[in-house]
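Given next are the chains, with one letter for each unit.
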Amino acid sequence: MRKFIEKAVIMDEDQMDRALKRIAHELLEKNKSLDNAVILGIRTRGVPLAERLKKTIEEIHGIVVPIGVLDINLYRDDLTSLTEQPVIHQTVIPVGVKGKKIILVDDVLYTGRTIRAALDSIIDMGRPELIQLVVMVDRGHRELPIRADFVGKNVPTSKREKIDVLLKEIDGIDKVIIKESIEEDE
Amino acid sequence: MIKEKDLLGLRNISTDEIDEILRTAVPMKDIIMRDIKKVPTLRGKSMATLFFENSTRTKSSFEIAAKYLSADCTNLAVSTSSVQKGETLIDTAITLEVMGIELFVMRHGASGAPHFLGRNTKARIINAGDGMNEHPTQGLLDMYTMKDKKGDLGNLTVTILGDVAHSRVARSNIWGLTKYGAKVRVVAPETLIPVELQKMGVEVYTDVDKALKGADVVNVLRLQKERQSSGLLPSLVEYNKFWGLTSKRVELLKDDAIIMHPGPMNRGVEIMPDVYEHPRSVVDEQVTNGVAVRMALLFMMLGGKSGDDIN
Numbered sequence: 001m002r003k004f005i006e007k008a009v010i011m012d013e014d015q016m017d018r019a020l021k022r023i024a025h026e027l028l029e030k031n032k033s034l035d036n037a038v039i040l041g042i043r044t045r046g047v048p049l050a051e052r053l054k055k056t057i058e059e060i061h062g063i064v065v066p067i068g069v070l071d072i073n074l075y076r077d078d079l080t081s082l083t084e085q086p087v088i089h090q091t092v093i094p095v096g097v098k099g100k101k102i103i104l105v106d107d108v109l110y111t112g113r114t115i116r117a118a119l120d121s122i123i124d125m126g127r128p129e130l131i132q133l134v135v136m137v138d139r140g141h142r143e144l145p146i147r148a149d150f151v152g153k154n155v156p157t158s159k160r161e162k163i164d165v166l167l168k169e170i171d172g173i174d175k176v177i178i179k180e181s182i183e184e185d186e
Numbered sequence: 187m188i189k190e191k192d193l194l195g196l197r198n199i200s201t202d203e204i205d206e207i208l209r210t211a212v213p214m215k216d217i218i219m220r221d222i223k224k225v226p227t228l229r230g231k232s233m234a235t236l237f238f239e240n241s242t243r244t245k246s247s248f249e250i251a252a253k254y255l256s257a258d259c260t261n262l263a264v265s266t267s268s269v270q271k272g273e274t275l276i277d278t279a280i281t282l283e284v285m286g287i288e289l290f291v292m293r294h295g296a297s298g299a300p301h302f303l304g305r306n307t308k309a310r311i312i313n314a315g316d317g318m319n320e321h322p323t324q325g326l327l328d329m330y331t332m333k334d335k336k337g338d339l340g341n342l343t344v345t346i347l348g349d350v351a352h353s354r355v356a357r358s359n360i361w362g363l364t365k366y367g368a369k370v371r372v373v374a375p376e377t378l379i380p381v382e383l384q385k386m387g388v389e390v391y392t393d394v395d396k397a398l399k400g401a402d403v404v405n406v407l408r409l410q411k412e413r414q415s416s417g418l419l420p421s422l423v424e425y426n427k428f429w430g431l432t433s434k435r436v437e438l439l440k441d442d443a444i445i446m447h448p449g450p451m452n453r454g455v456e457i458m459p460d461v462y463e464h465p466r467s468v469v470d471e472q473v474t475n476g477v478a479v480r481m482a483l484l485f486m487m488l489g490g491k492s493g494d495d496i497n
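So the sequences go chain by chain: A and B. Residues 1 to 186 in this note's numbering are what the first sequence spells out, letter by letter. Residues 187 to 497 in this note's numbering are what the second sequence spells out, letter by letter.
It cannot be assumed that every hint is accurate.
Stated by the list, open to error - Straight-line Cα separation of at most 30 angstroms, DSSO-like style, residue types lysine-lysine; simulated pairs: (1) B:K369 <-> B:K385; (2) B:K223 <-> A:K101; (3) A:K98 <-> B:K223; (4) B:K385 <-> B:K396; (5) B:K215 <-> A:K101.
Derived from the structure by calculation, the hints contain no laboratory data.
Bound conformation, chain A alone (with noise of 0.2 angstroms):
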């Protein structure tokens, strides 16, 4: 196991706070109308920010925005060369995917393999109008040619570094952390 020491907190409360208010008013400028929406959170950390970015929209805009939960698990492409089988969640999407605007909602990019599998479960529940990306994070490094719509904070990392989103709902507070990978010291 790769141990990592923090370097630097890059966002903290206030931040990510007013991150998610100018995203929720860059869904509205880029949507017109976020009628026929739904945010969708990808498990474990999309989950919590895609029900902060639903009430932050129904402050400013008086809109309410139907909210779902994405499990990605069985779409991963790295299912059989995992030595430990991730638990497989339930997805659940009240309304359903056909024909909606999809805000996907993730705490990181990075290399976009979650993304890929986080498409290929919603277009196999239902062709949605379109599919738009939240990240909080955006750390570079793709894989994939996937790119995100909104995006709290771009941060240049290394491939050593690791990004943390921490959330208040799970981890009793709200920042975001880079470490660093300190194997390669020892």
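Chain A is already provided as a structure; the job is to place chain B on it using the hints.
Okay, now just chain B, sitting in the frame of chain A:
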């Protein structure tokens, strides 16, 4: 994670493993319910069914489960295979194994046949019924259905009605349910109750009405008709009169109790047609749940690496 290479029965499996199977079956059931019933999870994995006894639901259920998960499933038709030329069980399995089969689903009339095969193959084995021993995936789907409808298995009183002596379904139900502390009652004519049954932790009844009174679940077993010719029963009509589940007997159960049957049914023998159509009959749902539970098992046994590979 299934710890052993093979899933042979519920007798030697932990509640942690059962919990994981039942939990994983929940999202699997969602896949069965949607328009596109396919996920790419087990793409490129190969399995085969080896059925030495007849089957409709178990065999097609495994095959459908494999397809929904994108695994390739070969069905060996034993009656038209080289088994008829005298090829042995092990040689038959190894022939398929060297073609790349990684998991066998096996049903055989001899108790212990899958255990024997498991010791002689690298491929993983799921027992789909061996003689009078166990039918673990039926036990699991029954437990899934009970848990889904009635909640915590430990709080339930389950009455198993019928030919317990010859039933692998009964044995898997008993091993599984008693692990969770469920109260299991067993009721049958005395000729169809095996001698050592109390040792399995069940209450044995010979009075149907008493056994049904206040139960949360009744699981009716199929009466294998050949039991009559072997002298264990006077007649099917008499069996129906004294042991069959009628709507009148259903009223003895708790008001919200469920009625289960593993199929295939002998309508008018162990269960009356109107009981099968009763609003609290979950017989058809059991079949759907069977696909979900088998998907969960295939995912756990074919996806990722097995315990042996890691060690």
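Consistency of the hints with the structure:
Between K369 (chain B) and K385 (chain B), the direct Cα distance comes to roughly 14 angstroms. Compliance with the 30 angstroms bound is thereby established for this hinted pair. A C-alpha spacing of about 23 angstroms is found between K223 (chain B) and K101 (chain A), which places the hinted pair at or below 30 angstroms, so the restraint holds. At roughly 16 angstroms between alpha-carbon atoms, K98 (chain A) and K223 (chain B) fall within 30 angstroms of each other, so this suggested pair holds. Between the alpha carbons of K385 (chain B) and K396 (chain B) the distance comes to roughly 21 angstroms, so the proposed pair stays at or under 30 angstroms and holds.
In summary, the hint linking K215 (chain B) to K101 (chain A) is supported, as the alpha carbons are separated by about 26 angstroms, within the 30 angstroms threshold.
Violated hints are absent here; each numbered hint is respected by the structure.
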